Amino acid sequence: MIGTLVDVLRFATPIGLAATGETVGQKAGVINVGLEGMMLAGTYAAVVASGASGNPWLGLAAGVAASVVLGLAQAYFTLKLAADQVVVGTVVNLLAMGVTSALFRLQFGTSGKLLSVPTFPKLPGGLDIVLVLGLVAAAVAGVVLTRTRIGLALRACGEFPQAVTAAGFSVMRLRLAALVMGAVTAGVAGAYLSLGIAGSFAENMTSGRGFIALAMVTFGRWKPLWVAAATVFVGAADWAQFSAFAQGSAMPPQAWRALPYVLAFVVLVVAGRGAGAPASLGVPMREEA
Amino acid sequence: MKFLVSAVGMVAILALTLAAFGLDVPRSLGLIAEGAFNPNYGWPTTLTRATPLCLTALGMAVAWRAGMYNIGGEGQYLVGALAAAGAAVLLAPVAAPVWAPVMLCSGVVGGAGWASLATWAWLKRGVQLVVSTILLNFVAVEAVAWAVRGPLQEPSHQRPMTAAVPNDAMLLQLVRGTSLHSGVFVAALAVVGVWVYMSFTKQGLVLRVVGANPRLARTERLPVDRTHAVAMAVSGGLCGLAGAVDFAGVTGRLGDGFSQNWGFLAIPVALLGGLEPLWVAVSALYFGVLFAGTENLTRYTPIGNTVVVVVQATAVLAFLALGQLMARRPRRVEETA
Numbered sequence: 001m002i003g004t005l006v007d008v009l010r011f012a013t014p015i016g017l018a019a020t021g022e023t024v025g026q027k028a029g030v031i032n033v034g035l036e037g038m039m040l041a042g043t044y045a046a047v048v049a050s051g052a053s054g055n056p057w058l059g060l061a062a063g064v065a066a067s068v069v070l071g072l073a074q075a076y077f078t079l080k081l082a083a084d085q086v087v088v089g090t091v092v093n094l095l096a097m098g099v100t101s102a103l104f105r106l107q108f109g110t111s112g113k114l115l116s117v118p119t120f121p122k123l124p125g126g127l128d129i130v131l132v133l134g135l136v137a138a139a140v141a142g143v144v145l146t147r148t149r150i151g152l153a154l155r156a157c158g159e160f161p162q163a164v165t166a167a168g169f170s171v172m173r174l175r176l177a178a179l180v181m182g183a184v185t186a187g188v189a190g191a192y193l194s195l196g197i198a199g200s201f202a203e204n205m206t207s208g209r210g211f212i213a214l215a216m217v218t219f220g221r222w223k224p225l226w227v228a229a230a231t232v233f234v235g236a237a238d239w240a241q242f243s244a245f246a247q248g249s250a251m252p253p254q255a256w257r258a259l260p261y262v263l264a265f266v267v268l269v270v271a272g273r274g275a276g277a278p279a280s281l282g283v284p285m286r287e288e289a
Numbered sequence: 001m002k003f004l005v006s007a008v009g010m011v012a013i014l015a016l017t018l019a020a021f022g023l024d025v026p027r028s029l030g031l032i033a034e035g036a037f038n039p040n041y042g043w044p045t046t047l048t049r050a051t052p053l054c055l056t057a058l059g060m061a062v063a064w065r066a067g068m069y070n071i072g073g074e075g076q077y078l079v080g081a082l083a084a085a086g087a088a089v090l091l092a093p094v095a096a097p098v099w100a101p102v103m104l105c106s107g108v109v110g111g112a113g114w115a116s117l118a119t120w121a122w123l124k125r126g127v128q129l130v131v132s133t134i135l136l137n138f139v140a141v142e143a144v145a146w147a148v149r150g151p152l153q154e155p156s157h158q159r160p161m162t163a164a165v166p167n168d169a170m171l172l173q174l175v176r177g178t179s180l181h182s183g184v185f186v187a188a189l190a191v192v193g194v195w196v197y198m199s200f201t202k203q204g205l206v207l208r209v210v211g212a213n214p215r216l217a218r219t220e221r222l223p224v225d226r227t228h229a230v231a232m233a234v235s236g237g238l239c240g241l242a243g244a245v246d247f248a249g250v251t252g253r254l255g256d257g258f259s260q261n262w263g264f265l266a267i268p269v270a271l272l273g274g275l276e277p278l279w280v281a282v283s284a285l286y287f288g289v290l291f292a293g294t295e296n297l298t299r300y301t302p303i304g305n306t307v308v309v310v311v312q313a314t315a316v317l318a319f320l321a322l323g324q325l326m327a328r329r330p331r332r333v334e335e336t337a
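From first to last, the protein sequence lines stand for chains Z and H. When we follow our numbering, the leftmost residue of the first sequence carries the number 1, and every step to the right adds one. When we follow our numbering, the leftmost residue of the second sequence carries the number 1, and every step to the right adds one.
Check before you lean on any hint, since a few could be wrong.
Taking beta-carbon pairs under 7 Å as the criterion, some of the chain H residues facing chain Z (in silico) [unchecked claim]: (1) Ala145; (2) Asp225; (3) Ala229; (4) Thr306.
Treat the hints as calculated values from the structure; they're not laboratory data. The structure displayed is predicted, hence computed values, not measured ones. C-beta atoms are modelled at their ideal positions from N, C-alpha and C, and glycine is treated no differently.
Throw the hints in and build the complete structure from the sequences for me.
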């Protein structure tokens, strides 16, 4: 029973970490559609660095670095140039997909040779440090957003950025900080996917987990702890597809694989529009040039 | 002139991308050119690849111009192909000439229906399209995987794919020994149709106004919700048509590897065409060249068409940066919101 719970948490961790960072970003008014691409870049860089150095922590650092590079690129286009956030995010996803697949094929060919790299060491009980970090991150994000001065400024960026400027903060810098934070957690999430769960890499390995994370932010009503709870729910569905195979269930395996996506879609439809969406979400803020 | 600069820019981006991956640029470009323009098999392959790309990119252009971020072209393409495959099973007792139009129509209906699921979730329940259309992509992939092992599997139940469509029921083959088929005319017709619709009809004008300024559209009492729904249905219909055309024109079978990601790769194609139907067609042709060409590149390196994806992403970013930088002028803070 405890074992199952830890397994579910393990599958929820990548989605949960990405969703936590995305919650902070969306609260500050930036929607990061490139989340999937940042995770994918993190997944790939982590595998390469861990494989080359034999040290999973270096892999984690590389994953975060790759994701942050993409995050900074996205910030330049969406914040500095005020380009459309959905357009830029979609392109960042493409870029990550293209570059990681191309490099992977150059290294291992199209056969997709299975490689195995050093993974994160396990703590007693099957937990590991990154998993615990993921739980802590959600709690910290919740406290920072609701209980601190900087959190208030961040939330104001998402509601009424003009007021933030009037209060003497820079909307641009706050949003940049939020986006980079999101890129860091996306990088850790990606690295966890390859170094915490799989121990290897495959083309397009994130397979939509970044988008599921986006969906969970809405489902969790932009409250970090609710978002974390939502990701455990969908993490359970993600875990179920693997365990159901093992037990040989009556439901076809394709249905199990589709389950996390269907669940995410259905909960969004059921949850509806509701309150809590930042008013200026996705609206670029242009400051005096 | 602008076109010439863009064309040179696109080739430069391709060359730089090849160089960035440490490939021999002249040799790679030669292989790509041969694969795309060789008089025997090159240009037919180019047109075959450009066909679904053009249809799906047109679909993206219609939705995005209306302000609906449809990222679900991939799922709509797959459901279109699935609907065509389903129609093919039901059509078994019917004469061959009836097949193609019915399969294509089923594709349109399938794609439009799949897109409308997301429209419904947005209009009635406020679910962001960016999220819902993507989630539905993954569901579509699994639906196809299930169908070709279940209800639509070929009669001997040996392989995970549908039974082959009989040759005389397929779209007409245009060049012997290649996969070029009459679906290319369907794409050409769609280009003209979407162009006329967007540029010369009242609904097209309404669609562009709704996309450019929904608030103005509402104060002018334009039917915003209905326009959004129609745009998404047309968009999904075009993507579904692309799936059906590939099914009825190229493979005649539906299996796991059916999708080449056309529905997703259509987004940069549409963006680089400026979301204008005629330029989208030019853009699709260019990427048709690259996709056909990089198939030939596999003789030299396993990198394959992943390099095209990088080119697409880099090109959109480059054009975004140029466009935004050139359009930049000092703005006052009060203008925002």
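Results of checking the hints against the structure:
Given hint, Ala145(H) at the interface with chain Z, holds; its Cβ is 5 Å from that chain's nearest Cβ, closer than 7 Å. Interface restraint check: Asp225(H) against chain Z, minimum CB-CB distance 14 Å, threshold 7 Å, status violated. With a cut of 7 Å, the hint placing Ala229(H) at the interface with chain Z is violated, because the nearest CB-to-CB distance is about 16 Å. The restraint placing Thr306(H) at the interface with chain Z holds, with a minimum CB-CB distance near 4 Å, inside the 7 Å limit.
The structure is inconsistent with the numbered hints 2 and 3, although it conforms to all the rest.
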